[in-house]
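First to last, the sequence lines map onto chains A and B.
With the working numbering applied, the first sequence corresponds to residues 33 to 145, in that order.
With the working numbering applied, the second sequence corresponds to residues 126 to 238, in that order.
Calculated from the structure, these hints are not laboratory results.
Watch out, some of these pointers could steer you wrong.
[Said to hold, decoys possible] Derived pair list, reagent style DSS-like, types lysine-lysine, alpha-carbon separation capped at 25 angstroms:
hint, chain 1, residue 1, chain 2, residue 2
1, B, K225, A, K89
2, B, K177, B, K128
3, A, K103, A, K89
4, B, K128, B, K194
5, B, K128, A, K89
6, B, K177, B, K225
7, B, K225, B, K128
8, B, K225, B, K194
9, B, K225, A, K103
[Stated by the list, open to error] Here are the in silico distance ranges between beta carbons for each label pair:
hint, chain 1, residue 1, chain 2, residue 2, range
10, B, T130, A, S105, 36 to 42 angstroms
11, B, P238, A, K89, 44 to 50 angstroms
12, A, R41, B, T227, 21 to 27 angstroms
13, A, E88, B, M184, 27 to 33 angstroms
14, B, I199, A, T70, 28 to 34 angstroms
15, A, K46, B, E183, 31 to 37 angstroms
16, B, D192, A, K89, 41 to 47 angstroms
17, B, H202, A, T70, 29 to 35 angstroms
Owing to the predicted nature of the structure, the values given are computational and were not obtained by experimental measurement.
Quick reminder that beta carbons are idealized off the backbone N, C-alpha and C, glycines included.
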Amino acid sequence: DTGVSQDPRHKITKRGQNVTFRCDPISEHNRLYWYRQTLGQGPEFLTYFQNEAQLEKSRLLSDRFSAERPKGSFSTLEIQRTEQGDSAMYLCASSPEGNSPLHFGNGTRLTVT
Amino acid sequence: DAKTTQPPSMDCAEGRAANLPCNHSTISGNEYVYWYRQIHSQGPQYIIHGLKNNETNEMASLIITEDRKSSTLILPHATLRDTAVYYCIGNPRGGTSYGKLTFGQGTILTVHP
């Protein structure tokens with residue numbers, strides 16, 4: 033068990049650019065979650081996958097955001113036409129079936145200049 | 126999900142017990158009480174969870190009142206590495222809502238030498 037891995041750890045981009053983040057969950061965890069955390073706040077739920085199916089999306093996830101989990105393993109989160117308000121820590125978590133705790137990665141910190 | 130209320134900050138001397146309270150008066154019968162913590166620059170880390178009974182693991186103890194309206198997380202011998210933000214969260218059992226955690230702002234625990 034190597035834990036949830038996120039790449040990159042840090043990303044600086046200019047407003048208007050597209051960015052993509054990757055999350056590798058713990059193997060055999062079929063649930064995968066994306067959260068966003070801004071400075072001084074707790075993480076906020078963005079979206080959730082069960083295997084390759086995206087089952088729920090928060091209203092925080094605007095049309096500029098898209099998440100995929102094509103083979104039910106790793107996931108990507110893409111933000112198009114970034115805005116300064118997108119600056120945040122993007123956290124990925126995974127869990128197995130049932131009432132199991134979420135295992136979080138250490139996040140990707142995005143700074144939009 | 127239940128709304129939880131926690132004190133914004135607490136201090137504790139190293140080696141002493143840290144008792145972190147949480148009010149969750151609106152918790153429903155099918156919601157677990159989960160505790161996570163977040164050390165600076167890391168993702169949230171699961172600590173413990175419970176439904177009705179008190180629970181203990183290698184990290185902490187969780188005391189839930191009989192009416193389930195509040196709980197206390199106990200770190201029996203706090204160390205400097207326990208300095209973190211502690212989140213108390215209601216999490217429904219099973220279903221698609223499981224894992225959509227509402228973090229709130231948590232309690233900043235500072236452990237002093």
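Q) Of the numbered hints stated previously, which ones are contradicted by the structure, given in increasing order? A) 15, 16
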